[in-house]
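Residue numbers (the working numbering), protein chains in the order written: chain A, 1 to 226; chain B, 1 to 93; chain C, 1 to 383.
Quick caveat, the hints were computed from the structure, so don't treat them as lab data.
The reader is advised that the hints may include incorrect statements.
Dumping the calculated DMTMM-like pairs for lysine to aspartate or glutamate here, alpha-carbon to alpha-carbon at most 20 angstroms [claimed, not checked]:
(1) C/LYS127 / C/GLU98
(2) C/LYS28 / A/ASP67
(3) C/LYS162 / C/GLU183
(4) B/LYS3 / C/GLU183
(5) C/LYS28 / C/GLU273
(6) A/LYS117 / B/ASP5
(7) C/LYS216 / C/GLU88
(8) C/LYS127 / C/GLU183
(9) C/LYS28 / B/ASP5
(10) A/LYS117 / C/GLU11
Now for the letters of each chain:
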Amino acid sequence: MIRLQDVRRVFHQGRPDELVAVDDVTLDIADARITVLRGPSGSGKTSLLALVGCMARPTSGRIHVGDREVTSLPEHFLTEVRRLTFGFVFQQFHLVRGLTALENVMLPAYPLGGSRKALVARAQALLDRFGVGARAHARADWLSGGEAQRVAIARALVNDPRVVVADEPTAHLDSKLSAGFMDLVAALRDEGRTVVMASHDAIVYDSPLVDHVVSMRDGRIVRGEP
Amino acid sequence: MRKSDRFLLFLALMLALLEVARLHALHRGRDRAEEVLAMTAMARRLGLTDLSLFTDARYARHPSQADRFAPFQDHPTSLEHFPSGSLVPPPAP
Amino acid sequence: MKRPRPPTWLERQRYLLDFTLSSLGRRKGKNLALAALYTLVVFALASVLLYTQALRSEAMRILEGAPDLVVQRVVAGRHDLIPGDRVERLSKIRGVQEARGRLWGYYYDASARANLTFLVPDRFWGKPGEVVIGEGVARTRLAVPGEPFPVLAADGEVVVLKVRETIPSFSELVSSDLVLLSEPDFRRLFGIPPGLFTDIALTVPNGKEVSTVAAKIRGQMPDTRPITRAEITRTYEAILDWRSGLVVLVLAAALLSFGIVAWDKASGLSADERREIGVLKAIGWDTSEVLAMKVWEGAVISLSAFLAGLLLAYFHVFVTPAPLLAPVLKGWSTIYPEFRLTPVLNPFIVSTLFLLTVVPYTVATVVPAWRAATTDPDEVMRS
Ligand SMILES: Nc1ncnc2c1ncn2[C@@H]1O[C@H](COP(=O)(O)OP(=O)(O)OP(=O)(O)O)[C@@H](O)[C@H]1O
Ligand SMILES: [Mg+2]
Numbered sequence: 001m002i003r004l005q006d007v008r009r010v011f012h013q014g015r016p017d018e019l020v021a022v023d024d025v026t027l028d029i030a031d032a033r034i035t036v037l038r039g040p041s042g043s044g045k046t047s048l049l050a051l052v053g054c055m056a057r058p059t060s061g062r063i064h065v066g067d068r069e070v071t072s073l074p075e076h077f078l079t080e081v082r083r084l085t086f087g088f089v090f091q092q093f094h095l096v097r098g099l100t101a102l103e104n105v106m107l108p109a110y111p112l113g114g115s116r117k118a119l120v121a122r123a124q125a126l127l128d129r130f131g132v133g134a135r136a137h138a139r140a141d142w143l144s145g146g147e148a149q150r151v152a153i154a155r156a157l158v159n160d161p162r163v164v165v166a167d168e169p170t171a172h173l174d175s176k177l178s179a180g181f182m183d184l185v186a187a188l189r190d191e192g193r194t195v196v197m198a199s200h201d202a203i204v205y206d207s208p209l210v211d212h213v214v215s216m217r218d219g220r221i222v223r224g225e226p
Numbered sequence: 001m002r003k004s005d006r007f008l009l010f011l012a013l014m015l016a017l018l019e020v021a022r023l024h025a026l027h028r029g030r031d032r033a034e035e036v037l038a039m040t041a042m043a044r045r046l047g048l049t050d051l052s053l054f055t056d057a058r059y060a061r062h063p064s065q066a067d068r069f070a071p072f073q074d075h076p077t078s079l080e081h082f083p084s085g086s087l088v089p090p091p092a093p
Numbered sequence: 001m002k003r004p005r006p007p008t009w010l011e012r013q014r015y016l017l018d019f020t021l022s023s024l025g026r027r028k029g030k031n032l033a034l035a036a037l038y039t040l041v042v043f044a045l046a047s048v049l050l051y052t053q054a055l056r057s058e059a060m061r062i063l064e065g066a067p068d069l070v071v072q073r074v075v076a077g078r079h080d081l082i083p084g085d086r087v088e089r090l091s092k093i094r095g096v097q098e099a100r101g102r103l104w105g106y107y108y109d110a111s112a113r114a115n116l117t118f119l120v121p122d123r124f125w126g127k128p129g130e131v132v133i134g135e136g137v138a139r140t141r142l143a144v145p146g147e148p149f150p151v152l153a154a155d156g157e158v159v160v161l162k163v164r165e166t167i168p169s170f171s172e173l174v175s176s177d178l179v180l181l182s183e184p185d186f187r188r189l190f191g192i193p194p195g196l197f198t199d200i201a202l203t204v205p206n207g208k209e210v211s212t213v214a215a216k217i218r219g220q221m222p223d224t225r226p227i228t229r230a231e232i233t234r235t236y237e238a239i240l241d242w243r244s245g246l247v248v249l250v251l252a253a254a255l256l257s258f259g260i261v262a263w264d265k266a267s268g269l270s271a272d273e274r275r276e277i278g279v280l281k282a283i284g285w286d287t288s289e290v291l292a293m294k295v296w297e298g299a300v301i302s303l304s305a306f307l308a309g310l311l312l313a314y315f316h317v318f319v320t321p322a323p324l325l326a327p328v329l330k331g332w333s334t335i336y337p338e339f340r341l342t343p344v345l346n347p348f349i350v351s352t353l354f355l356l357t358v359v360p361y362t363v364a365t366v367v368p369a370w371r372a373a374t375t376d377p378d379e380v381m382r383s
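Generate the whole structure from the sequences, applying the supplied hints.
Okay, here's the thing in structure tokens:
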């Protein structure tokens with residue numbers, strides 16, 4: 001369970017261009033469920049996702065990941081929580097160009113050390129699982145959109161995280177690929193992983209596979225349709 | 001082989017070569033010690049004061065003994081048509 | 001939250017190095033060219049350093065055999081011949097064990113276009129009419145033992161001497177341009193009357209007394225200039241410093257332009273690179289790991305170049321006869337000693353070079369990444 005209590009995220013605080021991206025959000029994200037944040041552009045979905053994923057610290061409020069309070073952790077520990085608990089799929093996938101798909105999948109595990117042989121096997125298995133095993137040695141910039149996304153998902157899973165965070169995962173996919181993505185996500189949930197996504201794609205938030213939809217507007221959670 | 005291992009191997013190879021160079025220096029130093037001693041002895045026997053490194057200008061073989069009047073030699077940046085003349089600094093006071 | 005076994009330092013560094021190498025591999029040609037250029041710079045710098053260090057230490061060791069004190073007569077500021085009676089007077093000064101009049105001088109051999117050094121040894125072992133010549137003289141005059149050795153005397157007459165032998169070539173560094181001959185031949189050739197010498201060499205066994213003796217000589221014979229061995233070696237140090245300094249100066253331009261290229265290459269963090277660092281942080285790399293990776297990035301190129309350059313320089317200076325440096329020393333001389341130096345590869349030179357090459361480049365790589373590495377990872381999520 002990830003709990004957010006009265007969480008605010010303010011950019012440029014105290015300056016004329018001050019902007020409240022996340023405003024007093026209190027939210028429980030259930031384990032082993034798919035939660036989708038929906039809302040119009042600029043409503044603060046990405047900002048909230050960054051807070052959930054321990055990428056940034058809230059301006060005020062508290063966040064618990066499991067029974068651990070993470071808002072007051074020093075950066076080094078926050079990084080450790082991030083890399084052991086969360087896997088990320090970014091909107092632009094953010095694969096490192098010039099490296100192979102396999103290397104990209106392995107990247108999050110580099111700071112953890114351990115046997116390389118085992119890591120390669122693990123990464124290859126993930127690529128195989130998502131049907132891009134044959135592209136393991138292709139450079140990331142040569143992958144098609146759908147392939148890149150599968151590689152990005154494989155990368156998010158390489159450290160076997162309990163929570164997968166995805167921002168606009170279907171933004172660059174056609175309807176068929178998007179539907180396929182939802183099936184992958186459902187499979188992750190069925191393995192017991194928590195999935196948190198931000199999306200304004202109906203294929204995502206209207207999917208019957210989604211357990212929980214949170215609507216946002218102007219940084220706040222709104223009940224009912226936004 | 002893994003990329004990092006290949007590079008570390010390369011580094012190890014270079015360091016090994018450096019060690020070879022060090023041993024070579026040591027070895028050659030021992031080999032040459034006798035010759036250097038012989039040269040020192042020759043310098044003593046003949047009363048040599050300089051090496052025969054700069055023989056282009058007539059005064060340049062013996063920069064330490066040079067005549068003070070040799071043209072333009074008193075200052076290294078003065079006009080000089082012999083290259084080594086321009087490299088010999090003014091005599092120490 | 002499960003906590004895996006903490007990785008060992010080496011394991012982690014190997015992974016970071018893996019990443020760095022893959023990352024450098026993306027612009028392989030450019031990075032290889034940079035490393036090659038870098039190697040060349042280190043090679044040049046190391047060659048000069050190694051060469052002058054070796055030459056200096058060799059010179060210092062050889063010059064230990066030089067006279068403790070040389071007394072020159074100076075007339076109107078010019079070096080002049082010194083009367084033989086001074087030998088007697090100088091040997092009476094306390095602290096002086098022996099005084100001996102030296103006869104030496106230069107002879108410009110127009111046919112060989114070479115300056116030879118004629119010198120009368122204390123006890124010349126040849127007969128009058130014979131010369132013993134250095135290897136360099138033998139080379140330029142194509143003279144071999146038994147052959148005639150014609151010399152133009154001061155009065156315009158050609159005196160034909162005979163080559164008795166050549167000085168063994170291992171000592172070329174001191175003997176290359178020497179022509180040893182007997183006292184009568186020397187006086188005949190240069191028209192120096194008996195009783196006059198070029199200068200006087202003194203033996204002062206106690207090193208501490210040398211400067212007192214020199215001061216005493218200046219007092220007793222105001223028309224002379226005593227030169228101590230310390231002054232001679234100091235001159236040498238200065239010459240070699242000056243000479244290596246000159247080469248370094250020439251190199252400075254190259255060094256500077258390389259520095260600019262390297263700085264630009266290493267420090268200009270492109271938007272892509274900045275984004276990449278953000279991605280690494282976002283997927284779980286710590287600031288320290290990103291920086292360590294950048295240290296590797298600088299080190300891979302600079303360390304390789306440093307080691308390769310140093311090794312090449314060692315080979316160039318001590319295994320081959322330093323063909324690229326010799327011309328600087330040689331000037332226009334036609335007699336040039338063929339010598340091998342005693343190699344010097346001390347920790348001082350190695351660490352100096354390391355500090356001059358590896359450290360600045362690595363710093364130039366890491367510092368610009370610093371900002372990118374310390375920004376919050378959520379930056380990458382902004383599209
Ligand atoms: N680092 C930042 N500095 C300043 N303002 C920011 C920053 N990040 C986000 N914002 C602002 O915060 C607000 C919320 O942005 P956010 O990206 O969270 O919205 P979103 O719901 O993800 O929008 P979209 O659907 O377009 O991705 C926006 O007005 C955005 O401009
Ligand atoms: Mg967004």
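Going through the hints against the structure:
no., hint, result
1, C/LYS127 / C/GLU98, "25 angstroms, violated"
2, C/LYS28 / A/ASP67, "48 angstroms, violated"
3, C/LYS162 / C/GLU183, "15 angstroms, holds"
4, B/LYS3 / C/GLU183, "73 angstroms, violated"
5, C/LYS28 / C/GLU273, "16 angstroms, holds"
6, A/LYS117 / B/ASP5, "13 angstroms, holds"
7, C/LYS216 / C/GLU88, "15 angstroms, holds"
8, C/LYS127 / C/GLU183, "10 angstroms, holds"
9, C/LYS28 / B/ASP5, "18 angstroms, holds"
10, A/LYS117 / C/GLU11, "12 angstroms, holds"
The structure is inconsistent with the numbered hints 1, 2 and 4, although it conforms to all the rest.
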